[in-house]
Every structure is written in structure tokens, then in C-alpha cells.
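Number of protein chains: 2
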Amino acid sequence: MSTKHIGKQTAQLASPPTITETFSVVGSKEGNGPLRTYFDEIVEDNTFGEDSWEKAESKFMSTAIQKVVQKASLSTSDIQYLLAGDLLNQCSSAHYAVRDTNIPFMGIYGACSTMAEGLGLAGLLVDGGFADHAVATTSSHFCSAEKQFRFPLEYGGQRTPTAQWTVTGSGAAVVSALGDGPYITHVTTGKVVDMGISDVNNMGAAMAPAAADTIAAHFQDTGFGPSDYDLIVTGDLGMVGRQLNIDLLSQQGYEVSDVIDDCGCMIYDFETEDVHAGASGCGCSASVFCSKLIEELRSGAIKRLLFVATGALMSTTALKQGETIPCVAHAVRIVTDKAN
Amino acid sequence: MSTKHIGKQTAQLASPPTITETFSVVGSKEGNGPLRTYFDEIVEDNTFGEDSWEKAESKFMSTAIQKVVQKASLSTSDIQYLLAGDLLNQCSSAHYAVRDTNIPFMGIYGACSTMAEGLGLAGLLVDGGFADHAVATTSSHFCSAEKQFRFPLEYGGQRTPTAQWTVTGSGAAVVSALGDGPYITHVTTGKVVDMGISDVNNMGAAMAPAAADTIAAHFQDTGFGPSDYDLIVTGDLGMVGRQLNIDLLSQQGYEVSDVIDDCGCMIYDFETEDVHAGASGCGCSASVFCSKLIEELRSGAIKRLLFVATGALMSTTALKQGETIPCVAHAVRIVTDKAN
Chain E
1 MSTKHIGKQT AQLASPPTIT ETFSVVGSKE GNGPLRTYFD EIVEDNTFGE
51 DSWEKAESKF MSTAIQKVVQ KASLSTSDIQ YLLAGDLLNQ CSSAHYAVRD
101 TNIPFMGIYG ACSTMAEGLG LAGLLVDGGF ADHAVATTSS HFCSAEKQFR
151 FPLEYGGQRT PTAQWTVTGS GAAVVSALGD GPYITHVTTG KVVDMGISDV
201 NNMGAAMAPA AADTIAAHFQ DTGFGPSDYD LIVTGDLGMV GRQLNIDLLS
251 QQGYEVSDVI DDCGCMIYDF ETEDVHAGAS GCGCSASVFC SKLIEELRSG
301 AIKRLLFVAT GALMSTTALK QGETIPCVAH AVRIVTDKAN
Chain V
1 MSTKHIGKQT AQLASPPTIT ETFSVVGSKE GNGPLRTYFD EIVEDNTFGE
51 DSWEKAESKF MSTAIQKVVQ KASLSTSDIQ YLLAGDLLNQ CSSAHYAVRD
101 TNIPFMGIYG ACSTMAEGLG LAGLLVDGGF ADHAVATTSS HFCSAEKQFR
151 FPLEYGGQRT PTAQWTVTGS GAAVVSALGD GPYITHVTTG KVVDMGISDV
201 NNMGAAMAPA AADTIAAHFQ DTGFGPSDYD LIVTGDLGMV GRQLNIDLLS
251 QQGYEVSDVI DDCGCMIYDF ETEDVHAGAS GCGCSASVFC SKLIEELRSG
301 AIKRLLFVAT GALMSTTALK QGETIPCVAH AVRIVTDKAN
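Going line by line, the protein sequences match chains E and V.
Take 1 as the starting number for the first sequence in our numbering and just add one per residue.
Take 1 as the starting number for the second sequence in our numbering and just add one per residue.
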């Protein structure tokens, strides 16, 4: 019988796995932002030497996979599971990135929630005794995402104030059975939430209810509250969704404004970069987690983190058929001291 | 440390979970085929009362989820994980199908390998102690798949001899910690294999090397061989890929022709239905597994099954950019007696 499931949506890990190593690689715009000193690699040429945006995105991910394994002093044969997905149709960035790795592969799709889904699943597979090491990764690229979801870049359309800028970049993390932390102690798996938003230029508003739903479920399942965290960080709600999430949680009695932030509000400089409501894309939470957040966990600046990546499971075909945008958020609790 | 990983790609489950219940729902063409008496539900109207093929496909999946939970005498609140994905861009069939279920959701993408990925992952999550019950499901629809991957239906293009017919239907399975079998004992996770095929009308040839790679890895990791199985069933290689898989395994010293079959060669009547090389689509292996195969496991006609769903991770964008088709296959060992 289930021994590690608490409440409705949360797994409590018996032997909390360690996030052994991470690698972040981003494009030039991200490299000019406030997190520039935290990234492992900044690529000035956003085509990464490739002849299409899709191939460039895939190279960001393959770089992150290859280099995180090296950085962890492992070889690919030490990794039992590679969990990867992205925003492109049929997750093609991931498939071309993992093709030459020779690592057993499980494809995941959670739109911009992918990094939390992968990190959580890696934690479960390691804690379940199925792996010594698992890698979670995702990527996004501004140009491939605009082309697929909105307008051709050449069209030069005006962006609305609620629009968000898709991050060009990738992050990858190695999750291991042994290690000295930071540790994954709990994984709260989200439900699909759809509050009726259908505006592809307002993803933050679409995703905020899913974020609030998962964070509230995490509190209810575990007994933790806002004061048990140094930081609760959402994936890419941006300025609009960030505030909505705070308001929605407040309505449920959880005051999180002192401890909350959003990766989509952290990666760009709002003064100098024309990003409207902030950043988005799978690569946003992945690259912020694998740079600033992991460094602050290692330095002790953050001791208890709830990482809540949020995904708008948006299909342009479904939207054209009058559908609204289903969303999901997954939460992973990461701490520096297992006893906390 | 990893205690349940054997060889390079295989998890050996410590407390083999039971496949408690399954549900299959298919369209009219499938309902006219040789498996007609095995399906739980046959829907004569392939629009399923909806106004788009995509919404129809989603309804096949939501029907399978809802009815498998009922059939297992459970309620949705008893299910800790719902693992679902499909072929549509952004897996939209799955997202709209699960939206109203209120079950914690992990999105997976493995193209036509999705049913084995989901069933395997459900087995791992249950065996890992994270769930009492998990549901794995997938779907496909001939019309939504043709429209997205090949030509508009109205175009009426000629189909090549190697083309396969996408199954309209869905299958869902409940995997539980307690039960009397059939049991999931081993899960072999595939690597992405790409042998350079780029013909979207010859998926069987593209996928066969991935199937052979995973089956050979399963044999090497576990010590089992062809004679340890009553049936090794691939997902949707069709007539072309089925033979290629037999040949590729023979080259590696594994003679499987006596014990192998392919769901893509089982669901349609080749004499009366114009399906060329056979069936394909996520719904193919899902609906065949959740009907004939599970019934034969229950009756004892099959005692030891290796279920190997195969996915062509094909992106039309990548193919237009000169790429070939990466493929993956996952294998799940299912037995009626845990001691075997």
C-alpha cells in the first residue's frame, strides 16, 4: 500500500534525493539581465550556429544535458533516467537533444511546468529505488515559440501589455540517491485547472489559478505554511499572474506576499528590456532554478524552497475551436537540511 | 542507492503492482475488425457527438478514464496519479480529457509508445510507494492525426503501401498496489533511436530499430529470452516494421518470430479493410492491450507478456528542416504469476 502519499496530491520522500548538480545555458537577452553572473553559459548567437530556431533550441538542451553530466563528474551511462520535454509540437527540441545521449528516456509534457514535473519525477524515481541518478531538463526559445504559438517574427506585431517574453535557454539538473543536498523532500503533483481564459497574450492570468491550487494543496497535504519557506517561487506567471496568485492564495487564508517571487519576474531587467509582463517559457523556470536558486540553496541564503513551475497547456488548434486554456502547476519542496 | 535497477535500462519491481482494470473505447472501423467482441465500447459516430475531430478524440479519452475508474469500483479521489498523453500538438486531447477529473496529473509524451510509458511509470510510482492506484491512458483519432501529420482529409490523397491507418480510440488502465494480477514485474525504458528514416508514410520502418533495441536491452538486463514469453507484442509497427523487428532481433541472436505479434497487425481485417501496412496511433496499442490482451491474461491464455509500445517522435517542422525521425520504445513485462 501507498506509504509515501500524504493528503490528496503530495508524495513525501522517504530518503530525500540530492540535487547533485545543475547547468544553465541561456541566450544573449537573458545574459544581459540581472542574473547574468549566475548562468553557467551565455550564448551570444541565438541561432547557436544552427540553421533553424528549432535546431538552436534543441542545441541549448543538448548542451545543458551534456555539461550537467560532466559537471557532476558522471558519464551518461551512470544516468538511469532522462526526463525531458519542451514546448515545441511533439516535444521535438527534447527528442533531437536526447537522441545521441544513449540514456533511457521518458518524454514528459507540462508546457512551462515541465521543469517541476521532471525534477519531481526524478525525485520519485530515485527515492523509489529505481535510479542512482536521473536528469531532468527542459528548454524554450523565443523565436521558435513565437513562430509556433503567435505570429511569424517577420510580422512584427505589437505585443500587448500582458504579453510575456519566452526565455531562450535551458536548464538541466542531476538528481541522485546519495549526496549532501539540497534535498527534494516533497512533490505535490498538480491537477489541471481551467478558469476560462483564452487569451494567448495573457498566460499569467491563465496559469495563476493552477499555481494557487497546487500551493494550497501543498499546504493542506503537508501542514506547511508560508512561514515554513524562505522562498516560494512560481515558474513564469509574470507581473500579472504573480499578483493574481498572491490574491487567490490570500482568499484561501494564505498570506504569501512576503515569501513569494516568480522566475518570470526575475530573469529580465524591466527598466531596460522591453518584456512587458515578464518572462515565460519552459526555459524560464529551468534556467532560473539551475542558476540563481540553486546557488542560493548552496550558499544557505535560501534554506527552504518551494519550486512551483506553472504550465499553460495551450493548443492553438483548440483555441481556434473556441476552447479555453487548461493549466497545471507542480510543486517541489527543496531544503538544505533534511530535518527541516 | 538504487536497489531495483538491473542492467542498463530495466527496473525490477519489488512488489509487482496489479493491473486492476482496463477500459477500451474505439470507433466504427475498429469495431468492425477482428477484435470487436473484446472492446468495452464501440462508438459508431466517429465525431462522438462533438464538432471537431480533436474534441472527439478527447472524448474517447475522457470516456476511457471515467469508465475504467467506475469499472474498478473506485472514485477519482482514490487515484493518486493520472498519466496521460497523445499525438496532438501540446497533447491537447489529454489535457481537455483530464481537465474535469480532479486527479493529480502528469503529462507524458512518447507518441505511440505512450501507453507503455504510462503503464510502466504507473507501475514504478505504485511500486515506489507513492500511490495506491494510478491510471495510464492515451488516445488517437484517424482524422485528427491525418490532418495534423499528413494531409487534409478532403484532399483525398493516395496512401502508399507502407502507410498505416491511425486507430480511433482510447484505452485506460488502473494500476494498483494490491490485487491478484496480472502483475507488472519489470519496466524497460527505451533510448531514442534514429536510423535515418524520414518518410512519414513508413513509420513502421522508422520504429522497428527502437523496438528491437528495447527488446534486446530487456533480454540483456533481465536474462529472459524469447522462450520466457507467451507473447511479445509491439505497438504499431504494422506489417513492414513487424518483419524488420524480427530480422533485427535475429541479427542479434534472438529468434522471436514464434512469439511475436504487433497490435498494428491485430486490430483491422486486412482482407476487408483498406489499411495498407496496418494500424498505428497511440490508441492502437492502448485499445488492443485494454481489450484482447488483458482478457487473454485474465483467462490464462497468455501467462507472460512483454508489451512494447513503439513511438515515432515525428515533428512535421523538423522533417521539413531535413531531419529524420527519432523513435523510442518502452517495454513492460506483465505476468499472471509473480513467481514466473
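Any given hint might turn out to be false.
Pairs count within a copy or across copies, as identical chains cannot be separated in the list.
[Claimed, not checked] Taking lysine to any residue pairs in the SDA-like style, the calculated list, with each CA pair at most 25 Å apart, reads:
1) Lys4 - Ser15
2) Lys320 - Gln148
3) Lys4 - Ser73
4) Lys147 - Thr316
5) Lys4 - Lys338
6) Lys303 - Gly179
7) Lys8 - Gln66
8) Lys147 - Ser15
9) Lys4 - Asp180
Since the hints were derived computationally from the structure, they do not count as laboratory data.
Everything numeric in this text was worked out from a predicted model, so none of it was measured.
How the hints compare with the structure:
When the C-alpha separation of lysine 4 and serine 15 is checked against a cutoff of 25 Å, the pair qualifies both within a copy, at 11 Å, and between copies, at 15 Å. In this homomeric assembly, lysine 320 and glutamine 148 come within 25 Å of each other (Cα to Cα) both inside a single copy, at 14 Å, and across copies, at 14 Å. In this homomeric assembly, lysine 4 and serine 73 come within 25 Å of each other (Cα to Cα) only across copies, at 23 Å, whereas the closest approach inside a single copy is 31 Å. Proximity of lysine 147 to threonine 316 under the C-alpha cut-off of 25 Å is found in both arrangements, the shortest distances being 12 Å within a copy and 14 Å between copies.
In this homomeric assembly, lysine 4 and lysine 338 come within 25 Å of each other (Cα to Cα) both inside a single copy, at 16 Å, and across copies, at 24 Å. Taking CA atoms no more than 25 Å apart as the test, lysine 303 paired with glycine 179 passes inside one copy only; the shortest distance there is 16 Å, against 42 Å between copies. Proximity of lysine 8 to glutamine 66 under the C-alpha cut-off of 25 Å is restricted to the inter-copy arrangement: shortest distance 19 Å between copies versus 37 Å within a copy. Taking the shortest Cα distances, lysine 147 and serine 15 never come within 25 Å of each other, neither inside one copy (43 Å) nor across copies (47 Å).
Proximity of lysine 4 to aspartate 180 under the C-alpha cut-off of 25 Å is found in both arrangements, the shortest distances being 22 Å within a copy and 22 Å between copies.
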